[in-house]
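Heads up: the sequence lines are chains A and B, in that order.
Position one of the first sequence corresponds to residue 1 (the numbering used here), numbered consecutively onward.
Position one of the second sequence corresponds to residue 1001 (the numbering used here), numbered consecutively onward.
Note that these hints are calculated values from the structure, not bench results.
Hints may be right or wrong, so weigh each one.
[As the list claims (entries may be wrong)] The calculated DSS-like cross-link candidates involving lysine-lysine, where the alpha carbons are at most 30 Å apart (straight line), are: (1) A:Lys307 x B:Lys1048; (2) A:Lys307 x B:Lys1174; (3) B:Lys1170 x B:Lys1130.
[Stated by the list, open to error] If you want the ones that stay clear, here's a sample from chain A, every Cβ over 10 Å from chain B, calculated: (4) Ala39; (5) Ile44; (6) Glu94; (7) Val134; (8) Thr140; (9) Arg200; (10) Ser208; (11) Leu248; (12) Arg314; (13) Ala316; (14) Ile345; (15) Ala389; (16) Gly409.
Even for Gly, the Cβ is constructed at its ideal location relative to N, Cα and C.
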Amino acid sequence: MTDAAAPAVPPLRSAAARAALRRRRNAADFRLRLYGVIAISLAIGLLTILVATLAAGGYQAFVQTHIRVDFPIGADNVSPADPAKGNYRHVVKEAVAALLPPAANPAEARQMGQILTANTQFFVRDAVLANPAVIGGTLTLEVPAADIFDQLNKGTIRRDTPQANRRVSDAQIAWFDALVAQGRVSTPFNWGLFFNADSRFPEIAGLSGAIAGSFYALLVCFVISFPTGIAAAVYLEEFAPRNRWTDLIEVNINNLAAVPSIVFGLLGLAVFIQSFGLPRSAPLVGGLVLALMTLPTIIIVTRNALKAVPPSIREAAYGMGASPQQVILHHVLPLALPGILTGTIIGLAQALGETAPLLLIGMNAFITSPPGGVLEASTALPTQIYIWADSPERGFVARTSAGILVLLGFLLVMNAIAIFLRQRLERRW
Amino acid sequence: MTILQTRESQAMHATMTPEPAGDDAALPPEPAGPAMSGRNVNVFYGQKQALFGIDLDIERHEVTALIGPSGCGKSTFLRCLNRMNDTIDGCRVEGTITLDGEDIYDRDLDVVELRARVGMVFQKPNPFPKSIYENVAYGPRIHGMAPSRTELDDIVVSSIRRAGLWEEVKDRLKEPGTSLSGGQQQRLCIARAIATRPDVLLMDEPASALDPIATAVIEELIDELRENFTIVIVTHSMQQAARVSQKTAFFHLGKLIEHGVTEEMFTNPRHKQTQDYITGRIG
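When you get a sec, could you build the whole thing from the sequences and use the hints?
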C-alpha cells in the first residue's frame, strides 16, 4: 500500500479509561433502576396509607351494637284481628320501662327512650306480622342501639369527657352499663350495612339501595355501551376508508374520552331528563350518562385489540374465500375478545366510581328503599358515600369510610374478573 | 432434477394412501386452454406503477414458478390471480385476468367464490388459532361444501392426506394448529387451501420460512399436487424454481422479461437480464 494519507487509527483507550467508562455506565444503570424502585415504593406507600386510613376509620361500621329486648305484645296494644295497625310505639315504651329502673321524671323517661334506635317500633311490627302467634306473649329481639350508644360502646364517645360536652348523659351511661351487666348488649357483624337501605339514623343506614342502584346503572351502561362500542370500533377498524372524515371521527372519539364527567351529567340532565322526560334519580338515566362516558373508552380499547390481531390471520381467512363478515366474526373478534373484555370491565369500573354526573341527575337523593327497577329513584355507591360524608351524625363518619371500602372492594372484584378473563381466554392456545 | 431425499419425505410417500375412488370422477371435464391467463396486466399502488403490461398464461397441471429479484412484482402478480390485492388500500389493477376464460375482475364475479377456486398458501405459515381439524374444515364449511358431518370428516381427512400430513397428525386432530412445527404448519396451510378443491393453488414463497428438510418435503408435495391442481409458486430460490416447476416466468422491475419451459430458461435463457439473474449477477 502506497496510500500515505490513510487516516490514523485512533489509539486504543487505556485500561484505566475503559474502567472509568464502565463505572459511569454501571452507575447510570443503577440510578435508573433506583428511580423506578423509588417511584413504585412511593405509589405503594400512598396506596397503603389510603387503605389503612379507610380501614382505621371504617372498621367500626362493620360491627353494630345490638341490645336484646323483651317486648310484651299485649292484646291491648296489638289486636290479633289487625296486627299491622297495632300501637307499637307503646309496646316499645313498655319494653324500655321494663328494661330500666323506673324513671324519676319525664326528662329521664325521654332519655331512656333514646337508647334504642328510633325505628324500633317498625322492627317489632315487622316481626309480629311475620309471626302473629306471639300476640299476647313476649317477643325477644336484638335491636340496634341508637347511634350515640353505639358510639359509646365503640369508644368514639369518651366517658372521660365532661357531661356537658358529650351527647350521652351520665344517667344514660349508667343504664347502658346496667344493660351490659345483664348481658343484653352485643356487637355482631353489621349485616345491615349491606342489606339495609339509607336512613337518617346511622345505626340502621345501609348500602343496599346504593348497591342496587349502581348495579342497575352499570347494567344499563353495559347493555348500551358494549355492543355500540364494539360495532363502532369494528366499523372504524375493518370497514371505514382512511380519509378526512374518519380522521375527524377518530379525533372526536379521543376528545370524548377526555371530556370532564360533569359535562356528561349536564348533558344527561338537559337531554334525558328535560327533553326526553325520563324520571329524575333513576338508574336508567345514570346508566345512559355513564354509557356516554364509557363508550369512547370501549371504542378505543376495542380498536387497539383489533389492531393487535396479526394481519396474517386476516390474510389467511380472506385467502380461504371468507367474506369480511366471516373474517371478523370467526377470526378477528374471537382473538381480540380478551383485550376487549378487559378494557370494557376497566371502563365499567371507572363508571362505577363516577360521582359528578350522577349528582347532576339527582342520584344523590335521600331514598330509604332499594330500587325495584331501572326507573325507580335510587342512589349509587359513590353518591351514597357523598351523602354520608355530608351528614352530621357521628355514626356516618365510620360508615363513609366503610362505604368507600365496599366500593373499593367491588372495583377490586371487577379488576380481578378482568384479569381472570384475560388469562383464561388467552390461554386457549 | 435432483431433489434432496429425506427419511421424512420417503416415510411420507410410503404411507400415502390412494385417493378414495370417485373423488375426482364427479368433477366436470376440464375446459380447454390455459387455467389462468393475464393480458396486458398493469397494477398501481396509488401513483406508483408496480406491474407493466404482463401477458402470461398459467397452464393446467403444471407448476409455474415466478422468479425475480426483490420488488420485481412477482408477488404482486400472484396476488392479482385471486384478487388478494383488493384488500390493499389504493391498489388498482388494469387489463384482464381470466380463470377458465372468465374475467375474474368482472363486476358480477363473486370474489368469495373466486378465492374458493383459487387457493393461496402464504410465505409464513399462518394456521388459524384453532384445532388442526377446524383449520382444514373451515373452508368447506363456509363455502357450504359439506352438508353433513361425515362428508366434512371425509374432506378433512383426504385434504390432510394429500398434504402428506396425515401420519403426523392423525392422533391429534383436536390439538391447536399452532402447536405443529413450522414445516408441518405450512403443510397444514396447504391442506387447508386444497380442502375447498380449488382449480389453482397460489404459493407465495411457501418454503422461505422453513429449514432445508421441511423445504424438501414441501417441494415433494408440490410435485405431487400437480396431478390435481394447477400451481403458481413465487420463489426467490432459483434452485427451487428449477426443482419444482415446469414453466418459469422471470420478472424484473415490474416487467415480465422472459417466460417459458423451465429447463430451457435455466440452460439457455434468451435475454441477457435473465442470464444475469440466474447466474447470480443481479438480484
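Comparing the hints with the structure gives:
1. Taking the CA atoms of A:Lys307 and B:Lys1048, the gap is near 27 Å; set against the 30 Å cutoff, the hint holds.
2. The suggested pairing of A:Lys307 with B:Lys1174 holds, with an alpha-carbon distance near 28 Å, which does not exceed 30 Å.
3. Taking the CA atoms of B:Lys1170 and B:Lys1130, the gap is about 16 Å. The hint holds against a cut of 30 Å.
4. Every C-beta of chain B lies more than 10 Å from that of A:Ala39, the closest at about 37 Å, which supports listing it as non-interface.
5. At the 10 Å boundary, the C-beta of A:Ile44 stays outside the reach of chain B, the nearest C-beta of that chain being 37 Å off.
6. Residue-level check passed: A:Glu94 sits 74 Å from the nearest beta carbon of chain B, beyond 10 Å.
7. Against the 10 Å criterion, A:Val134 stays outside the reach of chain B, whose nearest CB is about 65 Å from its own CB.
8. For A:Thr140, the condition that its CB be more than 10 Å from all CB atoms of chain B holds, with the nearest at approximately 64 Å.
9. Every CB of chain B is more than 10 Å from the CB of A:Arg200 (nearest about 58 Å), matching its label as outside the interface.
10. Here A:Ser208 stays apart from chain B, with its beta-carbon at least about 44 Å from theirs, past the 10 Å limit.
11. A:Leu248, annotated as away from the interface, keeps every beta carbon of chain B farther than 10 Å; the closest lies near 18 Å.
12. Interface exclusion of A:Arg314 from chain B breaks down, the closest Cβ pair being 8 Å apart, not more than 10 Å.
13. A beta-carbon of chain B is positioned within 10 Å of the beta-carbon of A:Ala316; the least distance is around 4 Å.
14. The Cβ of A:Ile345 sits about 23 Å from the closest Cβ of chain B, beyond the 10 Å cut-off, so the non-interface label holds.
15. Look at A:Ala389: its CB is around 50 Å from the nearest CB on chain B, clear of 10 Å, so calling it non-interface holds up.
16. With a closest Cβ-Cβ approach of about 36 Å to chain B, A:Gly409 is found to remain outside the 10 Å limit, as its non-interface label requires.
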